[in-house]
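**Q** Below are the chains, spelled out letter by letter.
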Amino acid sequence: MPETIQKDSLIGKRITKLDAPEKASGKTRYIQDLDVQGQLYGKILRSSRVHAKIKRIDTSKAKALSGVHAVITAADVPYQRPIGVAKDHLPLKTDRVRSTRDEIAAVAAETEAIAEAALKLIEVEYEDLPILSDPNDALKPGAPLIHPEPHGADGSHEHLKQGMPIAYAGKPDNIAMTFDYEQGDVAAGERESDVVFEDTFFLHYVTHCCMGVSGIIAEFDSSGNLLLYSNTQVPFLHKREFAEILGMDPARIRIIQPPIGGGFGSKLDIYPFEPITVFLAKATGRPVKLVFTREEEFLASPTRQPVILTLRSGCRKDGTLTFRTVNTLHDNGAYTSWGATTPFVMMQTISSLYRVPHCLYHTKAVYTNNPYAGSFRGYGNLQATFAVEQHMDMMAEAIGMDPLDFRLKNAQDPGEVTPQGMHFKSCGLKECLKTAAAVSGYREKFKANQANRDKPGRIKRGVGIASMLHVGGGAKIYPSDGCGTILKMDDFGAVTLITGASEIGQGSETVLAQLVCEELGLPLSAVRVVNNDTEITPWDVGVHASRTTFIAGNSAIGAARKARGKILAAAAMQAGLNAEELDLRGGHIVETQSGKVVMTLSKLLRQLHFNDKAELVMTSFYYEPPSKHQDKKFKGDVSAAYAWATQVVEVEVDTDTGIVRLLKVTGAHDVGRVLNRLGIEGQIEGGIVMGQGYALTEELMVENGVVRNPGFRDYKLITAPEIPEMDVRFIETMDGEGPQGAKGVGEAPAICIAAATANAIHNATGVRIMALPFTPEKVYRALHAARKEAA
Amino acid sequence: MTALDNYVAPTSLEEAVEQLLELGEVTILAGGTDLMPQANAGRVKFKRTLMNIRRIPELRGIAREGDEIRIGALATISEIMAHPLVREHLPLLVSAGDHFASNQIRNAGTLGGNVCNASPAGDTLVPLMVLGASVELASMLDDKLYRRTMQLPEFFVGPGKTRLATAELLAAVRIPVPPQGFVARFHKFGTRPALDISAISIGVGGVLKNGVFSDVRVAFGAVAPTPVCGCATEEALEGKKLDAATIAAAAVAARDEVHPISDVRASDWYRKEMIHNMTKRILEDVSTTH
Ligand SMILES: Cc1cc2nc3c(=O)[nH]c(=O)nc-3n(C[C@H](O)[C@H](O)[C@H](O)COP(=O)(O)OP(=O)(O)OC[C@H]3O[C@@H](n4cnc5c(N)ncnc54)[C@H](O)[C@@H]3O)c2cc1C
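Order-wise, the sequence lines are chains F and H. Reading the first sequence from the start, the letters are residues 1 to 791 in the numbering used here. Reading the second sequence from the start, the letters are residues 1 to 290 in the numbering used here.
Everything labelled a hint here was simulated from the structure, so no lab data went into it. Don't take every hint at face value.
[Claimed, not checked] No farther apart than 20 angstroms at their CA atoms in a straight line, the calculated lysine to aspartate or glutamate pairs in the EDC-like style are these: (1) K45/H <-> E116/F; (2) K664/F <-> E685/F; (3) K566/F <-> D583/F; (4) K45/H <-> E685/F; (5) K596/F <-> D656/F; (6) K778/F <-> D196/H; (7) K317/F <-> D249/F; (8) K430/F <-> E125/F; (9) K445/F <-> E518/F; (10) K241/H <-> D215/H; (11) K566/F <-> E685/F; (12) K282/F <-> E149/F; (13) K280/H <-> E295/F; (14) K778/F <-> E25/H; (15) K171/F <-> D194/F; (16) K430/F <-> D583/F; (17) K280/H <-> D654/F; (18) K409/F <-> D194/F; (19) K53/F <-> D35/F; (20) K47/H <-> E68/H; (21) K434/F <-> E444/F; (22) K488/F <-> E518/F; (23) K778/F <-> D268/H; (24) K120/F <-> E397/F; (25) K272/H <-> D656/F; (26) K53/F <-> E125/F; (27) K45/H <-> E112/F; (28) K272/H <-> D654/F; (29) K13/F <-> D654/F; (30) K562/F <-> D631/F.
[Claimed, not checked] Chain H residues, not near chain F, derived (Cβ > 12 angstroms throughout): (31) P37; (32) E238; (33) V264; (34) W269.
Quick reminder that beta carbons are idealized off the backbone N, C-alpha and C, glycines included.
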């Protein structure tokens, strides 16, 4: 036993992720590797048409194939209920298909090959309907209706009732969702403006490309309890949703999450394949496993929300912003998922990233026969930031102000309550701006590149800046945004941390373990995290909105502090000392001042356990952040803390080819406080690369409702040689609500890249491009057009 | 993927061509880097027999035979890039290999596979055409091993289609050792630096003496159903001094003689523009470094 132990902190250290050894050695068992005794394999038949009536489905040949246990269509599951954000989506389609991802039938068979073969034997007769693929056409008179009143297979309307979900009752127009927000008086703002710009920005389809494709295993036990092995990001919400869809008691549904090979928001909604797999398990009485192929993942998992965004903004000559008016058209695709709700985040950037007195914001999400969008890291913020930050540069140029000074002039300060009601208790935006600009040499480079534009030479350099604001302390979207923790200590001083928060590769279990160790004075090796079984873990709303470190972290700290209190009280009693003067360090109880060791923790725990009053150290804690629901007008303080960042991007544009190379990204991120330095660096670097893909190479090409590049050959992710040099600085604002001062950072790093790249291309070439992605051909065309115009 | 009835792995060229003749319906497997993805995607159906040709020693090796360098069909892209004979006489192939797929694919993918796959974007095809290569085809004739050779441009018929006969195997590629003063360039234009399929590619070769370019060969990839010769561009260059005017004229000739299509990778207009700009860039590079 050491005599004294001095205080040592894990905060800010570089800590290897707890799951890294298993993942790096290939031992992690993802859903792909998981097999359940007696399982069958499920496969789904999707539509071969973009928009059509289903006239006839014949499954008899498929059913007759040896090894096939069930072939189901909508007719076999009359109990199915609509899913999705607007309840407009039946898992198995009844009278019509509205996109090529639409599920028509499903097979459960002994092997994947047999299931595959059976799909080919299913005959479907369609009657094509006119295709609506351009969202601009959705509201025109005579546009094809995507959700007309459905006719059952027998053509009857009998089951239709007023007030039924869209999937049953139909929709008389193609409007899926609208959002309207207003602050101040934009007309007055415009009157005060010296400079006004209006432009339309086009944001494209990209998809998450998780390394782990979607999958699920569904199994009923003999008592009718349902066990799901699922990659969901929201297990507790899904329990409820599955119960609704299946007409089951939620208490009889258990969800276990195997290690998840990436989420990025894609696993935030229920998708048809999940209930369909349950239907198959029900029909066969056997466990059924269904895992997507990569092609299926491209075709049938959600996308980022494509947006056509018209922004009108103005400022005064002195650089004060005056107003912003935004109209967006969201292509909702055939069904409504989370993508339609991205205005919730977009309007925050419009109204509150900088100080703008007057704002008007309208969104229409319209049905088309295209793929539908879900939630995706950044949740609309990449789209909004792309427009807002380009206009910031344009206005700065118009009034002859340095783009950095222009931003600093309008940037938020700590303590600000914005007209939308967001309260920035901590706010490092100005420091982010100054740091990123200083470290990258932004001002000097900006001027030098500008001067270089018209000189000879095919390679042009550019530098661009953009900032972002995002929720960093949870997001009050659901009635509760909380998370529960149970913490238990065994009689050797090891901790089991049972948390509701899911790990999707972001490193949450490591950071939670770290926060607990910090309270209990234990090494990281002393903690096991249990976080993937709804039967065991306490409730959590799910992993989204960059909330886990903040919310689950605070919850874990709460549980750890309770355990700490218990232990120190017991130790004080035994040692005849004052609990306030004791501390936990290195597995021992010590005197706080001197560091003198009083006793060994494990020994104390055993004494507590085995004495006549036998007490186990076990605590639970629930953390609900102090944020408020927005009112009906979208005003309110939705997060307990807000994250800020500025990124400066340096590019090289080859004017002969249009190829844009990212040379360097300098980031300054207000993360509240760095907890796990290695983890946060990884998170930010990964986010930058994701933003880079969005800006430059990635595009899900959808033509007339058909995805033309459902594979990595022509869906171009960033490859290693394209990854830029990165210099990331952390601005530690020590948020008062955050766990050890930290704020959420999961989504932040992906948000600014496209906007900053657009500004950098303009700095390099004088050409401004308002449509993503900046593929070589698009950039070349823009340069070519500009050259022609000049000539 | 379809189920196979039969798998054979001959250990000599003679055995292989005999089996080809006997079995008739055969799919040939070399490195499998084209075949397997195509089969998985349902674009290629396996025939009744799968023949693994990787155990045939005669298909291996790179050697000089008289005025030619013979590269066995099974030589992998990595082997070609590392081989001293190639590095000395055919640096063009090394530079083509440099932009070919990834290390893993280069270690498995063979020259024979690249040629027989006959993709208009196949990255060895344009350089091979510039080098005046021919293919050595083996079959069984009158109970004997029979070989014929064919100039490369003649070999290609369309995407994935060649003049290879049903019972024939590509044994090797033969390349004349380039003459003194021969310079050549290959430019693969994709939209990213690694693991990309060419949107267009250009190869230029010829003898440069006292600034004059002669015996010029130009070929383009991914602008037609097969890799094609750039005859008009050759004409614009043949016997000329590589000065700015010649280069400009050649770039225009190149743009005007290709008729690419529009697809997910690029539009026809952009492809033509890139043919122009990259031809110019290559020629400028030749004229300034030699
Ligand atoms: C990820 C990836 C990246 C790629 N990148 C590139 C690239 O950058 N550039 C490029 O050009 N290609 C690329 N390819 C394609 C492929 O790797 C090459 O074409 C390779 O050279 C094919 O060789 P192989 O030995 O694998 O051919 P295989 O797949 O074995 O065969 C290809 C075809 O040729 C036939 N065949 C093979 N050998 C013979 C023979 N000796 N006689 C008769 N027929 C024969 C086969 O039956 C088959 O039809 C890529 C492929 C992948 C998977």
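**Q** Could you run down the list of hints and mark each one as holding or not?
**A** We went through each hint and held it up to the structure:
1. Taking the CA atoms of K45/H and E116/F, the gap is near 16 angstroms; set against the 20 angstroms cutoff, the hint holds.
2. Our distance criterion of 20 angstroms between C-alpha atoms is met by K664/F and E685/F, whose separation comes to about 12 angstroms.
3. The hinted pair formed by K566/F and D583/F meets the criterion: a straight-line CA distance of about 12 angstroms does not exceed 20 angstroms.
4. A C-alpha spacing of about 43 angstroms is found between K45/H and E685/F, which places the hinted pair above 20 angstroms, so the restraint is violated.
5. For the hint pairing K596/F with D656/F, the CA-to-CA distance comes to about 71 angstroms; that exceeds 20 angstroms, so the pair is violated.
6. Among the hinted pairs, K778/F with D196/H is consistent with the structure: their alpha-carbon atoms are about 18 angstroms apart, no more than 20 angstroms.
7. For the hint pairing K317/F with D249/F, the CA-to-CA distance comes to about 63 angstroms; that exceeds 20 angstroms, so the pair is violated.
8. The straight-line distance between the Cα atoms of K430/F and E125/F is roughly 61 angstroms, outside the 20 angstroms bound, and the hint therefore fails.
9. For the proposed pair K445/F and E518/F, the alpha carbon gap of about 43 angstroms is over 20 angstroms, so the pair is violated.
10. A threshold of 20 angstroms between alpha carbons decides the hint, and for K241/H with D215/H the separation of about 13 angstroms falls inside it, so the pair holds.
11. Distance restraint check for K566/F and E685/F: the Cα-Cα separation of roughly 40 angstroms exceeds the 20 angstroms cut-off, and the hinted pair is therefore not satisfied.
12. For the hint linking K282/F to E149/F, the alpha-carbon distance of about 29 angstroms lies beyond 20 angstroms, and the restraint is violated.
13. Among the hinted pairs, K280/H with E295/F is inconsistent with the structure: their alpha-carbon atoms are about 39 angstroms apart, more than 20 angstroms.
14. Between K778/F and E25/H the alpha-carbon distance is near 46 angstroms, which puts this suggested pair outside the 20 angstroms criterion.
15. With a CA separation close to 44 angstroms, the supplied pair K171/F and D194/F exceeds the 20 angstroms bound.
16. Distance hint between K430/F and D583/F is unfulfilled; the C-alpha atoms sit about 38 angstroms from each other, more than 20 angstroms.
17. Under the criterion of a C-alpha separation no larger than 20 angstroms, the hint pairing K280/H with D654/F is consistent with the structure, at around 14 angstroms.
18. Proximity of K409/F to D194/F is assessed by CA-CA distance (about 16 angstroms); at most 20 angstroms being required, the pair is judged to hold.
19. Simply put, K53/F and D35/F have alpha-carbon atoms about 37 angstroms apart, too far for the 20 angstroms limit, and the pair is violated.
20. For the given pair, K47/H sits about 35 angstroms from E68/H by alpha-carbon distance, which is inconsistent with the 20 angstroms threshold.
21. With a C-alpha separation of about 14 angstroms, the suggested pair K434/F and E444/F falls inside the 20 angstroms cut-off, and the hint holds.
22. Proximity of K488/F to E518/F is assessed by CA-CA distance (about 16 angstroms); at most 20 angstroms being required, the pair is judged to hold.
23. At most 20 angstroms may separate the alpha-carbon atoms for a hinted pair to count; K778/F and D268/H meet this at roughly 13 angstroms.
24. Among the hinted pairs, K120/F with E397/F is inconsistent with the structure: their alpha-carbon atoms are about 60 angstroms apart, more than 20 angstroms.
25. Distance hint between K272/H and D656/F is fulfilled; the C-alpha atoms sit about 12 angstroms from each other, no more than 20 angstroms.
26. Proximity of K53/F to E125/F is assessed by CA-CA distance (about 9 angstroms); at most 20 angstroms being required, the pair is judged to hold.
27. Between K45/H and E112/F, the direct Cα distance comes to roughly 19 angstroms. Compliance with the 20 angstroms bound is thereby established for this hinted pair.
28. About 17 angstroms separates the Cα atoms of K272/H and D654/F, which keeps this hinted pair within 20 angstroms; it holds.
29. At most 20 angstroms may separate the alpha-carbon atoms for a hinted pair to count; K13/F and D654/F exceed this at roughly 41 angstroms.
30. With a C-alpha separation of about 35 angstroms, the suggested pair K562/F and D631/F falls outside the 20 angstroms cut-off, and the hint is violated.
31. Non-interface status of P37/H relative to chain F is broken: a Cβ of that chain comes within 12 angstroms, the nearest being about 8 angstroms off.
32. The beta carbon of E238/H sits about 25 angstroms from the closest Cβ of chain F, which is more than 12 angstroms, so the claim that it is off the interface holds.
33. The non-interface label for V264/H is inconsistent with chain F: the shortest C-beta to C-beta separation is roughly 5 angstroms, within 12 angstroms.
34. Residue placement check: W269/H does not keep its beta carbon more than 12 angstroms from all beta carbons of chain F (closest about 8 angstroms).
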